[in-house]
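Asks: Take a look at the letters that make up each chain.
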Amino acid sequence: MRVEESVLPGVGRKFTVTVRSGDRLVIVIHHSGSRELQYYEKGNPDEPAAVLDLTDEEARELGAILAGVLFTPEAIGDTQAKLAQDTIEWIKLGPGAPCVGRTVAELHEQGAHLLAVLREGEALIPNPPPSLSLNVGDTLVLAGPRGAVERLRKQMIG
Amino acid sequence: MHESVTAFAIATLLLGLGAALVHRWHFPPLAAYLLVGLALGEFLDTESLEPLPSLGLLLLMFSVGLEFGPDRLQQMSGRVLRAGGWDALALPIGVLVGLLAGLDWKGALLLAGVMYVSSSAVIVKLILDLRRAANPESEVVLGVLVFEDLLIAILLVLVQGGTGLSFAVVAGLVGLLWLLLHLGGRWLNQQVQHLSDELVLLLGAALVSGTAILFHTVGASEAVAAFICGVLAAGLGLRERFEQLFGSVRDLGVALFFLTVGAEALGLLDAVTVGVVGLALLALLIKLPLNFKGAQMAGLSQKRSGFAAIYLIPRGEFNLILGAMALQQGYPLVGQVAVLLVLVSIPLGSLLMRFAPSWYDGRRK
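Chains as they are written, first to last, in UniProt numbering: chain A, 1 to 158; chain B, 1 to 365.
Everything labelled a hint here was simulated from the structure, so no lab data went into it. Glycine included, every Cβ here is placed at the ideal spot set by N, Cα and C. Hints may be right or wrong, so weigh each one.
[What the hints assert, rightly or not] List time: in silico DSSO-like cross-link candidates among lysine-lysine, alpha-carbon distance up to 30 Å:
1) Lys42/A / Lys293/B
2) Lys42/A / Lys303/B
3) Lys106/B / Lys303/B
[What the hints assert, rightly or not] Okay, the calculated beta carbon distance ranges per label pair:
4) Gly16/B / Gly111/A: 42 to 52 Å
5) Ile65/A / Met1/B: 51 to 61 Å
6) Gly78/B / Gly111/A: 28 to 38 Å
7) Arg151/A / Asn189/B: 15 to 25 Å
8) Asn189/B / Ser6/A: 45 to 55 Å
9) His194/B / Phe15/A: 25 to 35 Å
10) Leu132/A / Leu180/B: 38 to 48 Å
All chains should be built: construct the whole structure from the sequences, respecting the hints.
Replies: Have a look at this one:
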């Protein structure tokens with residue numbers, strides 16, 4: 001997979017994702033938070049076969065689903081998705097983890113992001129609010145550069 | 001109650017009606033503001049709307065500086081810059097046309113600027129309103145606009161009135177800001193992050209208007225002042241924050257500014273000659289093949305290159321600034337061409353941009 005990033009002054013940022021089959025996905029993230037998606041089939045780089053507009057919230061939920069937050073196939077095994085230099089990691093809070101009982105706002109690590117909290121018996125909490133406090137049994141989805149995610153993970157489960 | 005409130009109420013109501021009307025046909029509202037101004041010019045005392053229109057222009061230039069500052073050049077790919085190079089050929093051609101039309105060097109430079117520069121503010125708004133941001137041509141068009149805005153900011157400094165003092169002030173300020181950003185940028189950035197939104201809003205407003213007054217006093221262009229402030233704010237990492245804080249104030253001011261432009265254009269256009277119309281037409285026509293060629297060099301297909309050339313038709317803020325400067329310095333011809341171009345190119349450009357895809361597909365069938 002090849003990802004190209006470019007700046008659209010006054011509009012936002014554009015990501016062009018070319019997948020193995022040769023199909024392309026163009027994603028524009030607007031300053032306003034909305035997303036524009038265009039899908040180009042291989043061999044026709046000029047005319048999008050489909051377009052999709054998403055609100056910020058829709059885009060985040062879609063992203064979480066794509067990242068396997070709701071369902072990770074067994075075949076993957078390792079709960080680490082490998083991106084270029086970045087990583088997405090799932091961690092489950094056991095009893096005695098230092099961050100249990102603390103709020104999201106208290107956990108801070110430059111560069112690393114808490115994408116979602118998965119709580120047994122509840123709907124997925126994408127983009128958790130700073131006031132959310134963490135419980136034993138929560139599964140957290142972290143993303144960012146490898147080192148930063150590792151440091152945040154250490155903060156959380158010691 | 002101050003009487004300006006009455007004028008404000010009438011103006012905003014009519015602008016709102018105009019925008020609502022064109023919204024039904026999925027048209028961007030800027031052209032409607034101009035036309036409302038043209039229609040109402042005789043009845044509305046635009047002077048009583050001040051200072052909102054003037055502030056609107058300053059905030060607009062500030063936004064252009066924020067988004068289209070020189071730091072963007074580094075973020076652009078080489079192919080986009082190639083398109084900007086082709087587009088810039090309109091400048092020497094414009095100077096030549098100006099000299100042939102009997103202007104002196106300064107007048108010819110002003111005319112070249114008027115012929116060359118498209119409006120990033122109008123075009124960005126059109127691209128957003130028409131949902132074209134993800135299209136391949138938009139990236140090239142936006143890159144070309146970065147190029148244009150930078151060249152025109154330099155041109156504005158070169159042709160401004162005033163004496164050596166104004167050049168010294170502009171150069172001094174730019175140098176100072178550069179030093180500030182390179183030596184203390186990180187520190188300043190951290191300091192500003194702790195400030196509340198309200199404080200940033202007020203300090204930003206004071207910075208923009210204060211710099212504008214300083215520039216105006218020494219005879220330099222206040223628009224360039226606002227542009228430079230925008231570049232500085234972007235350098236401090238405040239791009240998103242200012243965009244959010246100034247956004248709606250700016251939009252209101254810009255709407256009133258375009259209304260005022262429409263209203264004041266009436267008087268100026270009374271004296272329009274064939275020569276003015278010819279020059280305006282020439283300006284519209286010259287850029288089309290240059291931008292088409294540039295877009296092709298940037299790797300776009302024939303169809304997308306055509307779209308890119310069409311997107312770059314609208315003229316706006318810089319034209320009005322150059323036009324005002326030309327009038328001040330005694331080149332009424334250039335001022336008229338500038339205003340006529342804005343009046344014609346924004347509605348025309350919106351129309352062509354809106355319908356280009358369906359026309360193209362219709363022709364193919």
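Asks: For each hint, tell me whether it holds in the structure or not.
Replies: Hints, one by one, checked against the model:
1. Lys42/A / Lys293/B: OK: Lys42/A and Lys293/B at ~26 Å, within 30 Å.
2. Lys42/A / Lys303/B: holds (18 Å)
3. Lys106/B / Lys303/B: Given pair Lys106/B, Lys303/B is violated - Cα atoms ~38 Å apart, limit 30 Å.
4. Gly16/B / Gly111/A: 42 to 52 Å: holds (45 Å)
5. Ile65/A / Met1/B: 51 to 61 Å: holds (55 Å)
6. Gly78/B / Gly111/A: 28 to 38 Å: holds (29 Å)
7. Arg151/A / Asn189/B: 15 to 25 Å: The hinted range 15 to 25 Å holds for Arg151/A and Asn189/B, with Cβ atoms some 23 Å apart.
8. Asn189/B / Ser6/A: 45 to 55 Å: Since the Cβ atoms of Asn189/B and Ser6/A sit about 24 Å apart, the hinted range of 45 to 55 Å is violated.
9. His194/B / Phe15/A: 25 to 35 Å: holds (32 Å)
10. Leu132/A / Leu180/B: 38 to 48 Å: holds (40 Å)
The earlier numbered hints that this structure contradicts are 3, 8.
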